[in-house]
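Let the hints inform the model, and build the full structure from the sequences given.
From first to last, the protein sequence lines are chains R and D. Using the working numbering, the letters of the first sequence map in sequence onto residues 1 to 167. Using the working numbering, the letters of the second sequence map in sequence onto residues 1 to 474.
FRET-style restraints, in silico, Cβ to Cβ:
{"id": "1", "chain 1": "R", "residue 1": "Gly12", "chain 2": "D", "residue 2": "Gly412", "range": "26 to 32 Å"}
{"id": "2", "chain 1": "D", "residue 1": "Gly51", "chain 2": "R", "residue 2": "Glu3", "range": "22 to 28 Å"}
{"id": "3", "chain 1": "R", "residue 1": "Gly12", "chain 2": "D", "residue 2": "Tyr152", "range": "51 to 57 Å"}
{"id": "4", "chain 1": "D", "residue 1": "Pro455", "chain 2": "R", "residue 2": "Leu131", "range": "28 to 34 Å"}
{"id": "5", "chain 1": "R", "residue 1": "Val8", "chain 2": "D", "residue 2": "Val288", "range": "49 to 55 Å"}
{"id": "6", "chain 1": "D", "residue 1": "Gly374", "chain 2": "R", "residue 2": "Thr5", "range": "28 to 34 Å"}
{"id": "7", "chain 1": "R", "residue 1": "Thr7", "chain 2": "D", "residue 2": "Tyr310", "range": "30 to 36 Å"}
{"id": "8", "chain 1": "D", "residue 1": "Arg182", "chain 2": "R", "residue 2": "Ser30", "range": "46 to 52 Å"}
{"id": "9", "chain 1": "R", "residue 1": "Glu3", "chain 2": "D", "residue 2": "Gly114", "range": "37 to 43 Å"}
{"id": "10", "chain 1": "D", "residue 1": "Arg182", "chain 2": "R", "residue 2": "Thr7", "range": "41 to 47 Å"}
Taking beta-carbon pairs under 7 Å as the criterion, some of the chain D residues facing chain R (in silico):
{"id": "11", "residue": "Thr21"}
{"id": "12", "residue": "Phe28"}
{"id": "13", "residue": "Asn39"}
{"id": "14", "residue": "Ala43"}
{"id": "15", "residue": "Leu80"}
{"id": "16", "residue": "Thr364"}
{"id": "17", "residue": "Leu371"}
{"id": "18", "residue": "Leu375"}
Counterexamples of contact, computed for chain R against chain D with all Cβ distances above 12 Å:
{"id": "19", "residue": "Gln125"}
{"id": "20", "residue": "Trp126"}
{"id": "21", "residue": "Thr146"}
{"id": "22", "residue": "Pro147"}
{"id": "23", "residue": "Lys160"}
Don't read these hints as lab results, they were simulated from the structure. On a predicted model such as this, the values are computed, not experimentally measured, just so you know. C-beta: ideal position from N, C-alpha, C; glycine also.
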Amino acid sequence: MSELTLTVMRLGFLAVLWLFVIVAVQVIRSDLFGTRVTQRGSRRGSSGAAAPSGGAGRQAAPPQQRQRRGAPTKLVVTEGTLTGTTVALQGQTISLGRAHDSTIVLDDDYASSRHARIYPDRDGQWIVEDLGSTNGTYLDRTRLTTPTPIPPGAPIRIGKTVIELRK
Amino acid sequence: MSVVTNTTTIGAIELPSRRNTELMLLGFAVVIPIFAYANVGLAIHGKLPPGMLVYGLGLALLAGVAHLVVRRFAKYADPLLLPLGILLNGLGLVLIWRLDQSERLQNLAKRAFGGFSESTPNQMLYTALGIALFSAVLLILKDHRTLQRFTYISMAGALVLLILPVIPGLGADVFGAKIWIRVAGFSIQPGEFAKIVIAVFFSGYLMVKRDALALASRRFMGLYLPRGRDLGPILVIWAMSLLILVFENDLGTSLLFFGMFVIMLYVATERTSWIVIGLLMSVAGAVVVGTTASHVKARVTAWLDPFACYSTSGACEQVGQSIMSFGSGGVLGAGWGQGNSDLIGFAANSDFIFSTVGEELGLTGVMAFLLLYGLIIERGARTALAARDPFGKLFAIGLSGAFAIQIFVVAGGVMGLIPLTGMTMPFLASGGSSVLANWALIGILIRISDTARRPAPAPAQSPDSEMTQVVRPS
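Printed below as a string of structure tokens:
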């Protein structure tokens, strides 16, 4: 057997062995994280199974009607276990909490089952309202006591979860 | 909820069974050893080995059977454990076959025993038996919690298994260590099976006693010291492992049992003090026995400076040769079949098999092998985290902890990091008991991970379910 062939096989074997290790680690990686974003109302196949960090951003909001210019179009979770999740703002009320029927089901020890809701008023201004939660909802640094309009880019904090409205 | 359109719900991802991932990895895990086998044949004989087809098909068949059993009986099991086991076992077969081709070892065997017989066919048979045992575990053990009933029976069973090799007439003294028994022409290493059996006892026992061990303690210098009476069990296990060390001359087994107990004690109680106490006790025990027992003393001398006694002691020569194998392997290794690790002589294909990896695959290969083992351990620990019942948690962490200690002890021994102990590298080393026991271990881990990852049954949908909240524990 020529020296060259053996050298190529030697390096090739090591490469294949490491490839296996890397593939195995990839399998673990896909096992570690993951919440699924599913479409409610209109089920569009199972395309939502992708990891939230990259996949959820794809769900571009469909054309909007009757919305003010410069109004936020999506809600983004920026901290906490659901980081990276986005929900399109369509003029509907978004409920937040640990309850299963919430729009965003928070997996957060400090959240109440019906923690807060975010809804648009008649002018299309988004309002956040605390629903009598145990640990409170914070807009920027202040604890909410009444329904409050959300300024653009202000973080809403619920336990360890931080939510922002973005354009 | 009113009628909403285009709303998204975020929920925990529904666990896929991942059996197809496992199948893909299994295919990969069968191809790699075949590649290695061809490589050995080409390097040593200059042609493809004749048994390649049979060997490859055999390994593929075993992997296929194991996969089908998992698919049928443990659908949600971890997808990595089986392929990792198959890959390591397949590469172990190649390593043993490669050492079978060595003329030095053939001549050595002819001089010592008057004949040479290949170890590979036997090892292939043991692998088949191992897969059979693996399947039997999955078939019979429908729920690992049934083992909980056998807590104290398994304690007795493990003690019997550990004592067997010392019984005169039954035990066999091989190269100084009394860890084998001879039954009907077969030599069996009961310690390998005792490892699993005693894990059952430890998990059952600690599950019941952990509150007493964790909560009843005094704080002293930042450590939670347990009460004197709670030290009882750890003292008993310590004494037992010392007795193994003294009567069976086996450092590895005693380290394995004591280490496993300390790991499980720590996991059960979350008290760092147990680790400190355990380390102190094992150091004390090792020092006392290391300075008194002659067999252990020889090993320690060989560890401290193998080249000082290289020409006078066989143990030193083996360790020295092993260290030289790792050294001459370098970063990329000499290549399959082109090293001289057969100079180690006896036990080159069992205790010292990792030196062949070091020489022929180099540091790169050694790291890959250690990572493969590490992945098995990681999956075991992950299974323990995911398991819902305390018994399963402790059992999984005990088994993977024992696996980890065994690898540390063997790899550390052949590399000269710690004194050499007569233990086998799981799945790689030649020897039936080790292969059978480790396949049973993987089988149990797969069973626990199946239970842990199986999605909880969905609550029945009723028309007014939206008004009702489902309350689930944890």
